[in-house]
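Got chain A; can you put chains B, C and D on it based on the hints?
Number of protein chains: 4
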Amino acid sequence: MSRVLSLAIAGSASAMLLLAGTVANAQVSDKPFEENWWPTEWGPDDKVGAPNRTTPEIVLKAVKLVKQGKVATLGKLYASDIPFFGPRMWHMTIPGTPTGGVFGNNALVFHDELLTTQIGQVGTQFDGPGHIGVRTSKGDMFYNGRNREDAYQRHGTGYVVGMGDLGVEHVAEKGFVCRGVLLDAPGYKGMNPLPIPTSPDSPGIVTADDVKGMLEKQGLDDIGEGDCVFLYTGHGDLWKNADWPKLSAEEKAERVKKFVSGEPGFGLSACEYFAERKIILTGGDTSANDAQPVSDVEGAAAPCHTEMQTRRGIWNIENLEFTQLLEDGVHEFLFVWSPLKMVGATGSPGNPVALY
Amino acid sequence: MSRVLSLAIAGSASAMLLLAGTVANAQVSDKPFEENWWPTEWGPDDKVGAPNRTTPEIVLKAVKLVKQGKVATLGKLYASDIPFFGPRMWHMTIPGTPTGGVFGNNALVFHDELLTTQIGQVGTQFDGPGHIGVRTSKGDMFYNGRNREDAYQRHGTGYVVGMGDLGVEHVAEKGFVCRGVLLDAPGYKGMNPLPIPTSPDSPGIVTADDVKGMLEKQGLDDIGEGDCVFLYTGHGDLWKNADWPKLSAEEKAERVKKFVSGEPGFGLSACEYFAERKIILTGGDTSANDAQPVSDVEGAAAPCHTEMQTRRGIWNIENLEFTQLLEDGVHEFLFVWSPLKMVGATGSPGNPVALY
Amino acid sequence: MSRVLSLAIAGSASAMLLLAGTVANAQVSDKPFEENWWPTEWGPDDKVGAPNRTTPEIVLKAVKLVKQGKVATLGKLYASDIPFFGPRMWHMTIPGTPTGGVFGNNALVFHDELLTTQIGQVGTQFDGPGHIGVRTSKGDMFYNGRNREDAYQRHGTGYVVGMGDLGVEHVAEKGFVCRGVLLDAPGYKGMNPLPIPTSPDSPGIVTADDVKGMLEKQGLDDIGEGDCVFLYTGHGDLWKNADWPKLSAEEKAERVKKFVSGEPGFGLSACEYFAERKIILTGGDTSANDAQPVSDVEGAAAPCHTEMQTRRGIWNIENLEFTQLLEDGVHEFLFVWSPLKMVGATGSPGNPVALY
Amino acid sequence: MSRVLSLAIAGSASAMLLLAGTVANAQVSDKPFEENWWPTEWGPDDKVGAPNRTTPEIVLKAVKLVKQGKVATLGKLYASDIPFFGPRMWHMTIPGTPTGGVFGNNALVFHDELLTTQIGQVGTQFDGPGHIGVRTSKGDMFYNGRNREDAYQRHGTGYVVGMGDLGVEHVAEKGFVCRGVLLDAPGYKGMNPLPIPTSPDSPGIVTADDVKGMLEKQGLDDIGEGDCVFLYTGHGDLWKNADWPKLSAEEKAERVKKFVSGEPGFGLSACEYFAERKIILTGGDTSANDAQPVSDVEGAAAPCHTEMQTRRGIWNIENLEFTQLLEDGVHEFLFVWSPLKMVGATGSPGNPVALY
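Residue numbers (numbering that gives the first Met the number 0), protein chains in the order written: chain A, 0 to 355; chain B, 0 to 355; chain C, 0 to 355; chain D, 0 to 355.
Keep in mind the hints are simulated off the structure, nothing from the lab. Here the structure is a predicted model, which means the values were calculated and not measured. Check before you lean on any hint, since a few could be wrong.
The list treats identical chains as interchangeable, and a pair is accepted whether it falls inside one copy or across any two copies.
Straight-line distance between alpha carbons at most 25 Å, and here's what the computed DMTMM-like set of lysine to aspartate or glutamate pairs gives [unchecked claim]:
(1) 251 <-> 164
(2) 245 <-> 164
(3) 211 <-> 271
(4) 60 <-> 164
(5) 245 <-> 45
(6) 66 <-> 220
(7) 173 <-> 44
(8) 239 <-> 249
(9) 245 <-> 149
(10) 251 <-> 80
(11) 69 <-> 44
(12) 30 <-> 80
Chain A extracted, bound-state conformation:
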């Protein structure tokens, strides 16, 4: 997740204090126990979640969607001036110019880059099992009932160096190969971008009914098991790959401010519908794919995050770019991607590939 309660975060200093107060308040929710979220259907040892649904049949069916032989890459640019949530950042330099060499009679020289960043949770970012949890009366609980304290990989000194069984490497071993479905909300609702929702009836909240309406309007078969569902809201076009490098620092700063001030996205009803249909991944062009700061559940923060990820192991990839697919009028494709096998990481950067 990248921008829970973004309005407060992007707001004034007093709004910051308000949120800080909320944080300190340490509310709990025991819904996970009341509703028996765990163990999941894949057993108490499972570390993968919904991608377990992928079968050879599903793969072969998805492969059939490749008809034109075209390829689109769906990742956004990573750079120091793109939008970030909170104190996240991207700091890259070139160590030495060049970094190394000269070697051999072919006079080889080379460059590396050196990067410091919250690697799994910046830019195009994937939420894995260790990212989102729920504070319960029994501790902070994550996917498949794992308490973070028990899960952490600790150095002997107590230092947490990774998420242990909640690490993304287990999902990354499996990967995502699926039928990709792109829902074009601006095309359906007649407004681009969708507005930032400030009330529960805002068109910026994409509901289950909206999903059904879009599928029908776009002439798509219903969502099916193993599918990956993507939402285009238009909000992410504030930092389109093609435009971004050409903008001035001032224009970038203004767009970042707008981008992080809230965002249209799925309401919980849409996510519940996807869960019923047994999808394995949500994705979209915003930083959370959850309507913010107001969703269709009163008082909840990014409810799709806890209900889909923590509860069901349906993962989420944020800040995707659909420009080429939209230009080509393509709403169904073979989606192929796997997170990086970073031991103990909470997520992963990515540049997924769509074939159609």
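Then chains B, C and D, alone, in the frame of chain A:
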């Protein structure tokens, strides 16, 4: 490239000094000018290289290789204790436990990770246009005749913050969708792993003839335009994903030492053959995919690196793992992957997907 | 603190697991409440601790110790190969070669360095108010009764970006100017280095009686209010500044292993004596200045750390080098140093100055 | 140096391009050879420079300046929102909350911080031998005629991991103990702050005559051998320690913008005067202590930097705060400080101590 002249590097202090001496010697090679390496066939403005060869026909043909509906992820684990070249490293922590929250009545909490690393050149790593160059009498020249001094993206202060037109984001926009061919050298040569080559006639150097022999033995069609060619040497099994987390620190250290002491790989004759056949990517289970410290060209350091990458824009991905493909006896597959769109980076981490 | 329970840490994998078990066990101590550690004598708002004792009279008296006009710097070298506790590290590169320029007709160029490290807790390191605390039944309590949860400076997202009122900047505003007393334990005990203590009666534990004996043998006035007391054990000579850069990588690794396998240091009786005498700082040539793994208090881990720092605001600086002072036979000097004013940091690197 | 040509840097995008052009132009200056800057008076092997002048007599004389027994710490706060030059930054987090523990029956827990920064060249920052050089026709030359290419400490791979003989650790072994002289330019010129100089006759340029005038007005003895000379301009009060943490993000951003838009400082005539008088350190409350963007030498960028540091080994410490000294009316004091012994670093952070 990750381990040029690894023998010297992993060797004694005096070997280090020797290499340091070599570095200081600043030899040049004007082969790029003598042989008119530039502009490439895609014009002087091209920033992508060989992936330009990919056509819808090539994609559709490669997609037909998916028959069983199976998926393999080819990336290795990223962790602080895997092998690194020189002073490269992987340092990851979890900032705060948890990192943030609590938010909303769903009591959401979250974790991030914080990473410092040479992101494009550690673990499973992709060599993009800014990574490998040649020191000529006219400066350090990279893909398509770009002088690094002209290419660098500089902050106003002179600070180099990226590789400019040599950045990997241009290749990442295109991505790699191709017929993947896995060459099983141990199966062909009857030795696993292949030895580290210490003389030009070592079986650790995979030649053009070896390639033809393997294709025949494995019953594969010849290499074709747009293909991606992968070499299994067995050397990379020193840090197999399935085994690595179970090893002791001592065992890991010993294996790292062995892994970085040199490696079997392609000789230049094999690479030249691939270039003739117009492939777009080489890959393998070692850190360079170039035989080291001795190749089939006297005095050259990792000659495939300069001849394929700098000269022809045929890129390279290192430290892959083929365990599942080998177990399934699969040597031909649909390969789908794209580097991260990191502005100005020299390479990218990855976890490519094979479908078959 | 840098090396609590070092024996376990440096030991075998099973010892690691044992310690990991200890960590998970989450024992508590309510001694701070039972003994009314807070508020301290400087009031509930105090963020400085014992350095509050420093008066103009104390400063003027300490200044009188400068007789020869000589200067010694007491810091150790910072480098990537020095001993570290747990996963701490030092990673420094030069971004660009050079980093920037050329500017002006004076053709100015410049270099920076880029560093990633646990800045306050590596090498010569100072323990400030946010470093050491006690887990009580009411939470983790730090200097002057501050609960870490209340103290943290949080970004609106919940991200902890600093220690808040426990930050070292408050002590750094005050600094340390004091009579420095160097206790020469090897000279007193006739063994250099002192052994790593493995039983409570080990000569590697420096007791209150040892302190009195050393003061007498060295012809020094008793410890007084505002003093800074330093312990030479000889253990730190494993990585002497003058020798370190000349050692081979192998020799360094061996010495690091020895250095982190445990260490001689103060027993709690010595620290209690210092506290009675109202000192403001302890220092020494080891990574903790607390006898380890066995001290004179059964079952305690680095007891001087909690009793001096958390309870009394008597701070601690580790990994100092006394070579020049010892060569000059100097055991009393003007000590001048202040931590860096790093907002919210737990400690500070340093290179203190002794004048005599 | 921290802000050479700051006006251009802080200016519009076109100004940035202009400067980038300048950088690319790669002008050279052979003044160092024409004027025989090397070897310095301390011999060709010297790595310390002017601090070599410090004698016991100088130390004892400076110690006599301590009359009241008062102490001032002169460092500024380090935080992520303070002014930075170019892409420099300060990124600190707390790894784990807490970072480690629980240990022993004293239930010890601990925090570390994790920092990524250009450590020697941010905030209160010291310019050591490896920081400033001159591009000559024979390469980039630094203190005592060291060519950076020869000086670099390289890993066997060619990776530059430090400045070698130009590293700050050699100066840090010696340290600075001196008579500190504080020149109060606003008090002398009747304007606070001094203006940013935009023409050679601006009062924002502090000349040799100004220095003599200030010494006389402040009733101070002339500058002498071994002295450390500090300049108060008032410009640094834009980020006073006492005010900074209370400002809003917007107010901070505005002040940062103003601070980096240029700065008053020494003209070369003042520096030449100091050099004649054989001082060992300059310091001040700005980021360079060199008048910018216009000084008293046409076309030169931060001329005191090359003339004092590269040529004479008279070092420089930037972004100091003199508030307490000014409030106490103190212009002469014992200055005690040493850089960190960071092997191969270009500079050091600091929090120097003034005793008076």
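Hints and how they fare:
no., hint, result
1, 251 <-> 164, "between (39 Å within a copy, 21 Å between copies)"
2, 245 <-> 164, "between (42 Å within a copy, 14 Å between copies)"
3, 211 <-> 271, "within (13 Å within a copy, 54 Å between copies)"
4, 60 <-> 164, "neither (32 Å within a copy, 39 Å between copies)"
5, 245 <-> 45, "between (45 Å within a copy, 19 Å between copies)"
6, 66 <-> 220, "both (17 Å within a copy, 24 Å between copies)"
7, 173 <-> 44, "within (15 Å within a copy, 38 Å between copies)"
8, 239 <-> 249, "within (16 Å within a copy, 27 Å between copies)"
9, 245 <-> 149, "between (47 Å within a copy, 19 Å between copies)"
10, 251 <-> 80, "both (7 Å within a copy, 19 Å between copies)"
11, 69 <-> 44, "between (39 Å within a copy, 23 Å between copies)"
12, 30 <-> 80, "neither (39 Å within a copy, 39 Å between copies)"
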